[in-house]
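Participant: Throw the hints in and build the complete structure from the sequences for me.
Heads up: the sequence lines are chains A and B, in that order.
Going by my numbering, the first residue of the first sequence is number 1, and it counts up by one from there.
Going by my numbering, the first residue of the second sequence is number 401, and it counts up by one from there.
Don't take every hint at face value.
[Unchecked claim] Pairs of lysine to any residue residues, derived as SDA-like cross-links and limited to a Cα-Cα distance of at most 25 Å, are as follows:
{"#": "1", "chain 1": "A", "residue 1": "K94", "chain 2": "B", "residue 2": "D507"}
{"#": "2", "chain 1": "A", "residue 1": "K78", "chain 2": "B", "residue 2": "E764"}
{"#": "3", "chain 1": "A", "residue 1": "K152", "chain 2": "B", "residue 2": "P532"}
{"#": "4", "chain 1": "A", "residue 1": "K275", "chain 2": "A", "residue 2": "L187"}
{"#": "5", "chain 1": "B", "residue 1": "K424", "chain 2": "B", "residue 2": "E678"}
[What the hints assert, rightly or not] Derived DEER-like restraints, expressed as beta-carbon distance ranges:
{"#": "6", "chain 1": "A", "residue 1": "P365", "chain 2": "B", "residue 2": "P752", "range": "42 to 50 Å"}
{"#": "7", "chain 1": "B", "residue 1": "S558", "chain 2": "A", "residue 2": "D107", "range": "45 to 53 Å"}
{"#": "8", "chain 1": "B", "residue 1": "H721", "chain 2": "A", "residue 2": "K351", "range": "49 to 57 Å"}
{"#": "9", "chain 1": "B", "residue 1": "G719", "chain 2": "A", "residue 2": "L187", "range": "49 to 57 Å"}
{"#": "10", "chain 1": "B", "residue 1": "E462", "chain 2": "A", "residue 2": "G125", "range": "25 to 33 Å"}
{"#": "11", "chain 1": "A", "residue 1": "E20", "chain 2": "B", "residue 2": "L545", "range": "36 to 44 Å"}
{"#": "12", "chain 1": "A", "residue 1": "G125", "chain 2": "B", "residue 2": "K709", "range": "26 to 34 Å"}
{"#": "13", "chain 1": "B", "residue 1": "L477", "chain 2": "A", "residue 2": "T277", "range": "44 to 52 Å"}
{"#": "14", "chain 1": "B", "residue 1": "I556", "chain 2": "A", "residue 2": "Q243", "range": "25 to 33 Å"}
{"#": "15", "chain 1": "B", "residue 1": "D747", "chain 2": "A", "residue 2": "Q243", "range": "56 to 64 Å"}
{"#": "16", "chain 1": "A", "residue 1": "L187", "chain 2": "B", "residue 2": "S795", "range": "30 to 38 Å"}
{"#": "17", "chain 1": "A", "residue 1": "V23", "chain 2": "B", "residue 2": "E784", "range": "55 to 63 Å"}
{"#": "18", "chain 1": "B", "residue 1": "E536", "chain 2": "A", "residue 2": "K106", "range": "28 to 36 Å"}
For the record, the hints were derived by calculation from the structure and aren't laboratory data.
Since we're looking at a predicted model, the values are computed, not measured.
Cβ coordinates follow ideal geometry from the N, Cα and C atoms, glycine included.
Protein chains: 2
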Amino acid sequence: MAKISISEEELKERIKHVREILVKREIDALYLTKGISFFYLTGFSHIATERPAALVIPVDGEITFMGPLLEVDHIPLKTQLIGDIRTYFDYPGKKHPIDYFADFLKDMGLANRQIGTDNMAGAAGIWGYRGPPINEKLPKAKFVLARDIIEKMRLIKSEEEIGLVRESAKWANLAHSLLQEYTASDLFDLEIAAVASHEASIIMKKTLGLNYVPQRWGRYPASAGFRGQVGEMSAIPHSIAVQRPMKNGDVLVTGAGADVDGYSCELERTMILGKPTEKQEKYFKVMLQAQDEAFGTLKPGVKCSTVDKATARVFKKAGFHKLMRHHTGHGLGLEGHEPPWLDIGNDATLKPGMIISCEPGIYEPSFGGFRHSDTVLITKDGTEMITYYPRDLESLSIPT
Amino acid sequence: MAKISISEEELKERIKHVREILVKREIDALYLTKGISFFYLTGFSHIATERPAALVIPVDGEITFMGPLLEVDHIPLKTQLIGDIRTYFDYPGKKHPIDYFADFLKDMGLANRQIGTDNMAGAAGIWGYRGPPINEKLPKAKFVLARDIIEKMRLIKSEEEIGLVRESAKWANLAHSLLQEYTASDLFDLEIAAVASHEASIIMKKTLGLNYVPQRWGRYPASAGFRGQVGEMSAIPHSIAVQRPMKNGDVLVTGAGADVDGYSCELERTMILGKPTEKQEKYFKVMLQAQDEAFGTLKPGVKCSTVDKATARVFKKAGFHKLMRHHTGHGLGLEGHEPPWLDIGNDATLKPGMIISCEPGIYEPSFGGFRHSDTVLITKDGTEMITYYPRDLESLSIPT
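Facilitator: In structure tokens:
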């Protein structure tokens, strides 16, 4: 059967590893507020809202979920690793959820212990949430920041995680192929994106079978689109939308991904609608050079800053230094952006198992943006390209 | 021309109101980190990432945006109300963005002034962001929490805001109509959702014209779907996905919305695929009674808790108290959930201009969930139903 999710064995290994770190640090329990961490450790994904939720991993004993009652029937359907579910009815409630959480922690014998946490407030604090910090309610407990435990674990991907990102790249590739196929003048970017994402998602679901479910709330299983990066708006790296339909001569910047047990690759391409102009060709070529330069620089032991400097040198040499708007890339996996940052300010070294986006770009206002993004795995000896969509101008020029 | 966005006049009024409050509180500037607040005050929507951004509203003088360089060309395309744009290249950078922000604030003459903020950390802290609190960098400034200023303003919707939510309801209604029309056995929920959302979005865009653009990143202009609430999974209020296709006899819980300048209504329905069983009919009827009871209770001057108690009484009387999983509803507008909470613990009173979801529900594990959600405006004398999709069982039963 296709490997489309993290095994329970691996989740158990992750939990074991957390506990080993807790013991070393003399922390009695880890109190996590970030939903993605619940998922990373137990496989339970949920919709994080203003209703506070926490996952508590004691050094030994059951893992406890504390949160709103509406998750009570959900958890056992998704994980067997949460042995203890404690709930309040809803937020804000007659008694504040944080007061419940303090009581739960007391009941677990943690009232005067050392508790590691990813958030001193005791709650993720989403939407309109308001509440006192948890340590006010447990004055004898000692809360210490321990965000780095999960963050460090997530930095180096396991074989299973790498496999899921590879699987994701297949479906991102399909979505992107359909996107390119359907791109044409006079269509709005969002309709091309909708059809490509819809078709790729259904094919993905039917191919992977009943065991496949997306984990990312509000996203398609597979998706590809432009996010407004059309024509002059392609010069805005984080354009959200464009008003007009596509027309001949537009520079287009795309993005595609696919959710495989919450993991996704990142695949982005610069396409030209119609025959590229000389100027478009020139900018495209320099962008491609910068990305090639990064690919050539990426390997274990190299500083992240070195990669960022290398792409900046290419742009500088071409006289395009002023058209840069962001660094070379970022880590990815369960979240869109994660450490490590391929940034001039990050001297951390690349290590085998890191998965990063490689996406140097240039942007000229009123003209266009030029950026490919590929997902790259750092291996023992070098790199593995996880995304594999064509990168050359000919393949990415769309006849009109 | 159709009113599909907040006027610049209203944005200016909002800014003026903020400044009046600052003067009253003897605060020299408001330093905001929440992207939705930037949008609320200036019309500039952006994709919030690990890269910190802040909007600074001094009591007088230009409004300043501080953030990553990649937004520099974006801002003037979306708003004329930000007069001063100050950027750093990228995160983390050789010099940390918070150090830049501290320098910018010094340069603005705020180094030893009283600064209100929505977040004492000085940054929203999204994804893998790390940084010191801003007050460490400006030890002579006095930072005070002032989250409540924007929150209170957003609590009461203006005529323009109400108009946009009403407009949103039209397109949610279309998306939901298509969703119901396409619902059939043997289809996966996500394919029905994809087609309905895609078609409704394109019709919406073509109807509202070139001036229409969605503001919510990663969402369709109009959308409708099931989010996994199919059959036995409909008993999970926040189910994210379902494995299997639909089949005759399934209880289905839907959700629809549409982005009109960032504002959306909330429309949810319980549908039955096939002829409802007696048990389904009974649960549906009680759910409907609870929602009717809430509609009858909602009016200005009534406590939010009173509404929540009223729906709980209906469920209790029917013997369904144990099937409740959440409170009656929440405010909405720019965000999915906002205050006021229609919750037993919230004794704040309803006021004209509040827009809330009304969605009491019951959930029986392995059987199904029953919840409609309608968007309701509190008016001077009572309420106005903003969503208007049919609520009765006959209309919501889908022949097979």
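Participant: Each hint should be assessed against the structure and marked as holding or not.
Facilitator: Results of checking the hints against the structure:
1. A:K94 - B:D507: Cα-Cα ~46 Å, so violated.
2. A:K78 - B:E764: 17 Å, holds
3. A:K152 - B:P532: 19 Å, holds
4. A:K275 - A:L187: 18 Å, holds
5. B:K424 - B:E678: Measuring from Cα to Cα gives roughly 61 Å; hence the hint is violated.
6. A:P365 - B:P752: 42 to 50 Å: 45 Å, holds
7. B:S558 - A:D107: 45 to 53 Å: Since S558 of chain B and D107 of chain A have Cβ atoms about 47 Å apart, the given range 45 to 53 Å holds.
8. B:H721 - A:K351: 49 to 57 Å: Because 54 Å falls inside the window, the suggested range holds.
9. B:G719 - A:L187: 49 to 57 Å: 54 Å, holds
10. B:E462 - A:G125: 25 to 33 Å: 30 Å, holds
11. A:E20 - B:L545: 36 to 44 Å: Holds - the Cβ-Cβ distance for E20 of chain A and L545 of chain B, about 38 Å, lies within 36 to 44 Å.
12. A:G125 - B:K709: 26 to 34 Å: 28 Å, holds
13. B:L477 - A:T277: 44 to 52 Å: 23 Å, violated
14. B:I556 - A:Q243: 25 to 33 Å: 31 Å, holds
15. B:D747 - A:Q243: 56 to 64 Å: 45 Å, violated
16. A:L187 - B:S795: 30 to 38 Å: Once the Cβ atoms are compared, 35 Å apart, the range 30 to 38 Å for S795 of chain B and L187 of chain A holds.
17. A:V23 - B:E784: 55 to 63 Å: 59 Å, holds
18. B:E536 - A:K106: 28 to 36 Å: 33 Å, holds
This entry does not satisfy hints 1, 5, 13, 15, going by the numbered hints stated previously.
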